[in-house]
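Undergrad: With chain A fixed as given, assemble chain B onto it according to the hints.
Those sequence lines, one after another, are chains A and B.
Here the working numbering = 1-based position in the first sequence + 124.
Here the working numbering = 1-based position in the second sequence + 480.
Hint data in this document are derived by calculation from the structure and do not stem from the laboratory.
Even for Gly, the Cβ is constructed at its ideal location relative to N, Cα and C.
There could be a bad hint or two in this list.
Only part of the chain A face toward chain B is listed, based on derived beta-carbon distances under 8 angstroms [stated by the list, open to error]:
id, residue
1, Y205
2, D250
3, D322
4, A324
5, K333
6, K378
7, D409
8, I410
9, E417
10, G420
11, A421
12, K563
No more than 20 angstroms apart at the CA atoms, straight line, and that leaves these computed lysine-lysine pairs for PhoX-like [stated by the list, open to error]:
id, chain 1, residue 1, chain 2, residue 2
13, B, K855, A, K528
14, B, K855, A, K563
15, A, K582, B, K855
16, A, K213, A, K638
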Amino acid sequence: MAKIVGIDLGTTFSALAILNAIGKPEIVPNADGERLTPSAIFFDEDNADIIRVGIEAINSRHLNTERAVRWVKRHMGEKNYHKKVDGKKWSAVELSSLILKKLKQDCSAEHGEIHEAVISVPAHFDEVRRKATMDAGTMAGLKVIGIVNEPVAAALYYATTRAVSGRVLVYDLGGGTFDVTIIDVKGHQMDIVCSQGDHALGGVDFDQKIVEILEKCYREKFGSELIGSEEDRAKYEDEAEDIKKTLSRRQTAKTMLYGPAGNVKVEITRKMFEEAISSLVARTDILLDVALEEAGAEASGIDKVLLVGGSTRIPMVQKHLEKKFGHAPESTVNVDECVALGAALHAGLTMLRENPKEVPVGIASGLEDIHLTDVCNHSYGTICAPIDKETGRRVVENRIILSKNTPLPCESTQMFYTMTEGQKEVEVNVTQGEDRDVKYVNRIATHKFELPGGRPAKCPIKVTYRYDVNQRMHCKFEDIESGRMLEVDFCLDQNGELSQTDVNDMARQLEAVKVE
Amino acid sequence: MVGLLIPVFVVALGTAAMIAIIAGWNPKLGRLAGRFKLPSLPRQSSGFDDIIQLASRPDLSVLNCRVRLTTEPDDNRYVDSFSVEVCGTIHAPEDTHHACVRIEIMDMAEGGLPVRSRVKQWQKQGSAAFVYTAELGKLPNAENTLSDWMAVAKIHVDWLLFPRKGERSLMLSLSVLSGESGSELAGAECTFCYESETFGYIELHENLQRAKMLAVPLAFAVSAADGKLYESEVEVIREWVRANMAVSDACEQVAKELDRGLDKTVDFYRQGHHLDNEKICRDIVGLTPVAERYDIVELCLYVAQANGQAAPEEINLLRQLAGWLEVDAERFQAMMEKILPVSMHEVEDVQAILGVSADMDEQKTREQLNREYRKWIARVTSSDPEIQSQADQMIKLIAEARSAYMT
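Okay, chain A solo, but in the shape it has when bound (with noise of 0.2 angstroms):
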């Protein structure tokens, strides 16, 4: 029988929790003991073959920054990113395969070999980033039966262990993205209304506005800079993470500066933090607005608000949502881990749905009568190229076939017609992405697609996008009059992305590579 996992890849911290034998989540602690592992992964100096990951990695990074990677989760999917060390230059996808495989193996330890796993992602992870996350689990040697979002994940866990019901807000603020996920929940029954997420706004940022205090405290003491190399900012960046814990439980922090000029010992109040972080709050209240407004609610018709991920531990984000909502904000279970056991949920649910008879029947029956119904993250579209309205010019713009907020599983046709006489093919895009304008929008596939030749131009062509229960998109292009098709069951190798014999070679790679 199959064990069944749930990870929460985060941007500071990961977590992995298992279903036990009645389908019940629990956090698998690592070998070091810890239910969280610090997503941080540094190359050994000494030994080339070992990768540290977690708490070795971050109390290393302050030796050799070069040789330290943090918050790669910020960089998935970026095609331009790498970290190169020893002459390697590792990709966002294998330095996140590298923290999937320290999770997986702690867990085998414990639990023996694990393989079907559900990775957690921020709900505004487009098609590219949720591909990447798969693939990172793949070359950790895991079998990744599906990908969850964040906030659903948390969601599930609260839903199934505490009475919680009607409108429901999660208010996901981790270490380095924050989403916000609207929920109508009855019972064991989630429906997910709407998601907007922001990929740039988490714990790492209210860090940096502490740096910048301590820096700006040092240099009207001293009058020069106290950071002067990338192992210094590595120091007063876990410093900072140091002090923004400290001032969650009281109204001051003090700290020791050793800069080049001299020493100096500073005091931050909460409300100097408060200040500094002013702005990053307001970013999240437009969050907010925006996503009660996608909802087409009132923060008054919201009947809890769940909080998701360590930064909102911070007081002020707190007393700013019981403001605006009218009711404390729900904090009842550890929210550091609630997306792990969620995500564990969820690839329960998977299996049962797709491969129950793996499923032992313990877990089965804890599971039975829990249903979800999740929403398109995101709006998917074509190129085309109608007449503009006010000009009576021809314009290429984006054309959105399935919007997002839609509930899964969906379907949605359009019809385009062909543009000249004798038109052999039509360039076909799939597009993600909310814009009209084809310089917004990401192109996650293009194909040609060949037509009969000798024809009148608009010839109708139907085409259909269908976006299943697993995320996945699938698009189908019809020529009406020859009845030719061209399907796209979603892949993103066009793109630059990663092929799957690509990830099959890295996985193989990967796993001579040891990690501690």
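TA: Same frame as chain A, now just chain B:
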């Protein structure tokens, strides 16, 4: 050739055009033809139909045609339409011969210049001249006589582009063609008058040239707005003039004259002179449709972009020009964001960039900032690093504006 897809509404237009093919001339013609009467005498205008030209009693041994001005419903409005009618005789090679009709119109007031089609469907191959064709179906006999006037086409005046505005003296040529060989079976011509209220293609061309000439001082005004006329900015204007005023095709003398003219303009602006930009814009609005005005705005934006940074004075003038040229404010904003991203602004004028102002109430400010946020948050995951960085910068600006303008 790789093509793109045309959405539904383009085809809807084609369908509307097809509706204009008159049902009377179809394969059922044989059955209808026998019921035709002698042509009626010219009659007075009645209802909203207006008789433009009616021939005196026609000679039924040959084919005759006439045009009546009617109004036709089209998308919740009424449009002028030429109803083309025929009577008389058509000779075919044999019974049940397949035939079609072709119509062309010339403007006799302009020495027989063709009337053009605004609709691609009715454009002659290789030119914009209007040629209307439609199936007539099968002619029942080898000799077919229509004793009464019968409509064979309804031509929406919207489809036509005359050489000039005002009263037009038009000649319509109608041919009945063999559907098999394409040879002419019968032909007829008639003349009629029509008062066109829109600019003709000759005027449009002349106006366009005039508007392009007027665009040059506007571009220089943008360049000089910050008190400096950079060479890179002048070069953008020179290139635009070369590309848009057909200098490459003109004789060397004309090209030199244009260059001299540009040099003088450069001196004029370098000496700190300026023209009445608002008046120039008003003139341009009177001369050209909006599409060309977008081209002028685009030129001005590229001039502001040329030296890598846009001064606040340049941006202010650009906004004024867009208003005076009566282009859509949202579209102008989108052009600004593309050509002059916020990273190029010498001074980050948050109010202007985000469309908020101090006199806006909190609710309106919130709505505007949320609108901008929704737009830019969807762009932060762009695969283009430049757009990603622009989006990041805009999101930061929006957040700062939110904490500054809202309690």
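Undergrad: None of the hints should be skipped; say for each whether it holds.
TA: Status of the hints after comparison with the structure:
no.	hint	in the structure
1	Y205	violated, 10 angstroms
2	D250	holds, 5 angstroms
3	D322	holds, 6 angstroms
4	A324	holds, 6 angstroms
5	K333	violated, 13 angstroms
6	K378	violated, 28 angstroms
7	D409	holds, 7 angstroms
8	I410	holds, 5 angstroms
9	E417	holds, 7 angstroms
10	G420	violated, 14 angstroms
11	A421	violated, 14 angstroms
12	K563	holds, 7 angstroms
13	B/K855 x A/K528	holds, 14 angstroms
14	B/K855 x A/K563	holds, 13 angstroms
15	A/K582 x B/K855	violated, 33 angstroms
16	A/K213 x A/K638	holds, 17 angstroms
Checked against the numbered hints given earlier, the structure breaks hints 1, 5, 6, 10, 11, 15 and satisfies all the rest.
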